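With chain C held as given, fit chain X onto it using these hints.
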Amino acid sequence: MRLLEIITRAKVRSVSVVGLAKNAGKTVALNSLISQAGQAGISLGLSSIGYDGEKIDLVSRHAKPRIEVEVGTIIATAAGTLGRATAALEILAATGFVTALGEVLLVRARESGQVEIAGPDSYGEMRHCITLMQELGCDLVLVDGALDRVGSASPAVTEAAILATGAVVGGSMRHILTSTLHFAALCSLPLLPVGARRVAAARAILAGQLLLSTAQGELVLPFVSALGHAAAIVDTLPRGQDFALVVPGAVSDSLFSEIMQRPRLARQTLLVSADPTHVFASPEIWQQFLARGGRVEVLEQIRLLAVTVNPTAPSGKVYVPQQFAAEVAVHLAPLPVYDLFASDEAVCV
Amino acid sequence: MCLKFVAKEGGPVAESDVVLGLPYFFACLDPASPYGKSQAARLVPFQPGEEQALKEELASLGSLLALLNDPASEGRVLKMRHYLGQVPDWREQLRRVSAGGVLHDAEFFMLKQNIFFCAAIRTLLYSNPELADEFAPPDLESLSLLLDPDQTGSPSFYLSDAYSSHLGEVRALLRERRKKLAGLAALEKEKAEKTFALKFNLAGEIAVPRQERALRETLESSGCFVQSRETYTEIYYARKATESESALEEELERLKRIEHEEEDRVRGKLSQEIKVSVASLSLAIARLARLDIVLSKALLARLWRATRPEIAAHDDPLQFAMDLARHPQVEDELVARGLVFTPTSLELNAGIAIITGANMGGKTVALRTVGLLASLAAFGMYVPARNCRTSLFSAVTMLAGEYRAHLSGLSRFGHEVVNLCAALPQSDDRALLLIDELASSTNPREGSALAQAVVLHLQCAPSITLLTTHYDRLALLEGVVHWQVVGLSQVAEEELQEALTRTKPDALLQLGRLMDYSLCRVAGDEALSHEAIRVARFLGLPESIVARALSLLQVKGEE
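Chain order of the listed sequences is C and X.
1 is the number of the first residue of the first sequence in my numbering; add one for each residue after it.
1 is the number of the first residue of the second sequence in my numbering; add one for each residue after it.
Isolated chain C, as found in the complex (with noise of 0.2 Å):
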């Protein structure tokens, strides 16, 4: 089955692209799922996120990568990027949200050729030129996520992701797979059980707040976020009962750690977040932590579609395509695995 197929049998009309780490691949699975769609004939929404610096080259100053466009496909881009586009483009409309390289606008390709893509910089804005493409009549829009950082791939943003993973992403086969695995499995963390405790978190998290919930009640703590006061936060949380603390913003790597020095306490312990892109754990603190009896949950998980793979690393690193492909795919079953370097069809396992 190919790529598209995946995302149309989905029944999601919005789907990001992220890749875990530069050179993932990520511009090679947007490129194949753009011309998959043009064979399609589905009307297609393009639009790329991230923070200044990182989707544009800063020398240049010209927003990277380029993407050829089919005729007919709605971009959401700034305006600084459209004098160097080669298709020809209508302008649809303002969006009022401005970046490094001018207003982000909605246009239209008249003429197929390529365009270079910088969205805008927030997710939530990100969000509402979903919403825009798809009144525009975008069957489906895809995301090209920021480089090192998944948020786009977040439920609020879009309703699926795929992942683009690759030889770069680490030095050994066992590292790639564990990066790998690891992001794959926090999107399907479990969700947190519908009741009373899942309203006051969802509340707790709109409101940025620092929630903790036992069996006698809940208790705001006075704390912004969870970065840079792990041990103030784990010295309040209670000993010998079972609590959840709702964390709005970034679980880090400091707070299970601080969690785990405590003697019993992870076993108490349930986190709850907002959605996966909010779980920053290394691997190997994430792997102690649920040994340790500990637990996350969350409001939203990401509906990973699929995983792509590049085998060849721009360091020079490189894997025999099929073995890489082959390798990757036999962990990540049943979810599809694609090397859209070599074919467009799924690997097989």
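Hint data in this document are derived by calculation from the structure and do not stem from the laboratory.
In this text, all values refer to a predicted model and were calculated from it rather than measured experimentally.
We put the CB at the ideal spot given by N, CA and C, even for glycine.
No incorrect hints appear here.
With the Cβ distance kept under 8 Å, some of the chain C side facing chain X (calculated, not the full set): (1) SER32; (2) ALA94; (3) LEU105; (4) ARG110; (5) VAL318.
Leaving out everything else, chain X in the frame of chain C:
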């Protein structure tokens, strides 16, 4: 002059204006369009002699306010405001195009939006022709047609083939050649796959394991492939373009270049044609800015329940009168704390008037209200009062001793004197001078003498001066009009006592409930009521201290 709220965009704000609450007015004004916002920052008050112009400005505001208050037309006016909020700023582009610059596509699109909203606002305004004459932007139909050559009516912008038949031809050729090249490439690829029994990957490459020497040699000697890259295990080959493919690719490059050149030529031509309409575009922007400002004033007037001030003629004697006036900033702060603002009434004529009375009795707020209303009227704004009649002043200045004194490097007294020197009106000034607690920050003997001297000096000026003071003697000076805060004077001792014992924790709230903030005019020889001790007691000063203060006061009185 002090009344100028901001000398230029982003310039300093006069201390007096801050005390009066003018920045609050400008923050609440909140125009919707970029044009209105710039104009608001450059707004200056009407000057003495411009009474007629001010009256016309107030009448314009009045007609928009009437439309707002009429349910039949309210929606129309709010729609105008919505459109004003959507207009993108095109002033920089206007400057560039006037100087012969060439615009790019996003700028044509922004112009199209401007034209679109101008037309929409024009249509709404023409339901009231008398307003249209004053506010409507000019008809920009010709520009609208220029930017929509296909007459789609869509707000989008595209360098359409209709701008140049040459552009259309080149694009058609490009499409045709692209298709031909794609077809040719697919054919050649299929042929190569068949001939060599191999399969290309998505990047158009064939990966051959290094050990398959025979195959590599076949590919290399065929003349159809070039080596594109290699890894430790594989060598990648890409198909060499055939001669006809190369020729097509070159032609595509050439056509693309011609397309770009032609697009640039069309942009230049369009910019030239827009340059012809620069005058009407400037007028449109000016009209939108004015509509935005007056509409923002009308909306604020409705929010503040403000009324039209009556402007005294230039040759009438200098005067100011307000009836049941409110200070919106103070009122909003009180409402936020669940309290109510007590409106104030006051009448002033050329000369000196003083306000005395209880501490916490609202003397300063009364002073600020007078200054704010006089200023708002001069800015062509309705005023938050039941009635207000005012002359146009050459300056409205309020001196508040303690305000920002710590920033000037002077003591409170020093700061006050420096500000007073700067604000003393000249002999021909039609100024409104408001002084809070004149000379109260030095010793009472000298302070009182200084205050009397200043009052005597100001009596000779043609302006209006209003002071708040605790110096009894000022009230006795010849020609000084004396207003007093009613304060706690009407509250019976028992009621005060009961409130005190009952409600210690929210003393401020209780004080506010008992305090009568209204002003009453008193004859010169009526004694001032001393309520400082009562107020201090209310705010929690220990009873022993209060009792001693009362007995000391009695001794002094007997002396």
